[in-house]
Amino acid sequence: MAAAQGRLSDDAGGTDEGKDKGEEPGGGQAPPPFRAAVDALRTARLRPQIEIEPTRPPQRLAPFAYALEATVVDGDQDLADGRLVLLHDPAGHEAWQGAFRLVTLVRAELEPEMAADPLLPEVCWSWLTGSLQSRGLACGEPSGTVTRAGSHYFGGLSARPPASQIEIRASWTPREGVNGVPDAAGHLAAWSDLLAQVAGLPPAGPGDASVVTLPQRRGPQSH
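Under the working numbering, think of the first position of the sequence shown as 267, with each following residue one higher.
Hints in this document: simulated from the structure, not taken from any laboratory.
One or more of the hints may lead you astray.
[What the hints assert, rightly or not] Quick list of simulated restraints, FRET-style, between CB atoms: (1) Arg401 / Asp305: 14 to 22 angstroms; (2) Glu407 / Pro428: 30 to 38 angstroms; (3) Asp305 / Gly358: 30 to 38 angstroms; (4) Asp305 / Thr411: 17 to 25 angstroms; (5) Arg308 / Pro428: 36 to 44 angstroms; (6) Ala310 / Phe420: 40 to 48 angstroms; (7) Gly341 / Gly443: 14 to 22 angstroms.
Backbone N, C-alpha and C define an ideal beta-carbon position, used for all residues, glycine too.
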């Protein structure tokens, strides 16, 4: 799976890669709300074009963490990829204004002409907030960046056409429900909606009006 390997960022600070604390954090003493949220992430079902699997979470952002990586696939082509991390601090976190935090990195290749659209960053950010709102998910303290990057090739690589990439880094605090457990499955579904939009997938069904495709996408990478 060609999932996003870039560094995630969050209000709590930087991230280092460490052991998979989502499996048995704290020597198997993970609090019930965190275990319930992780179970919801593990059992959620997404549209078939999104391949998802657990990955190593960051080590230093929170006492407990669980991470997933995903690739949007069309046949043998990868259209977009991303990473979603669930953080939990039972004592609460002042910057989060809650005990849970979701952190994400999503990226995809674009045609340079599309990447040059001055409204693209605002549109991409609205995809994230709109995905949450369309599923009725309340969240607090959202923050993030939308970055456009371009590559031009020279010398032995000059035959390659210019390439542009969009990258969304974001974090938000999910509202906690019964017994202090957030709707982790709902937030994962909203995140998958964001992935679908960035990848330029058509709506999943007649009632899925939230997905707005990006035209003129750069040829995807082989899967």
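Does the structure break any of the earlier hints, and which numbers would those be? 3, 4, 7
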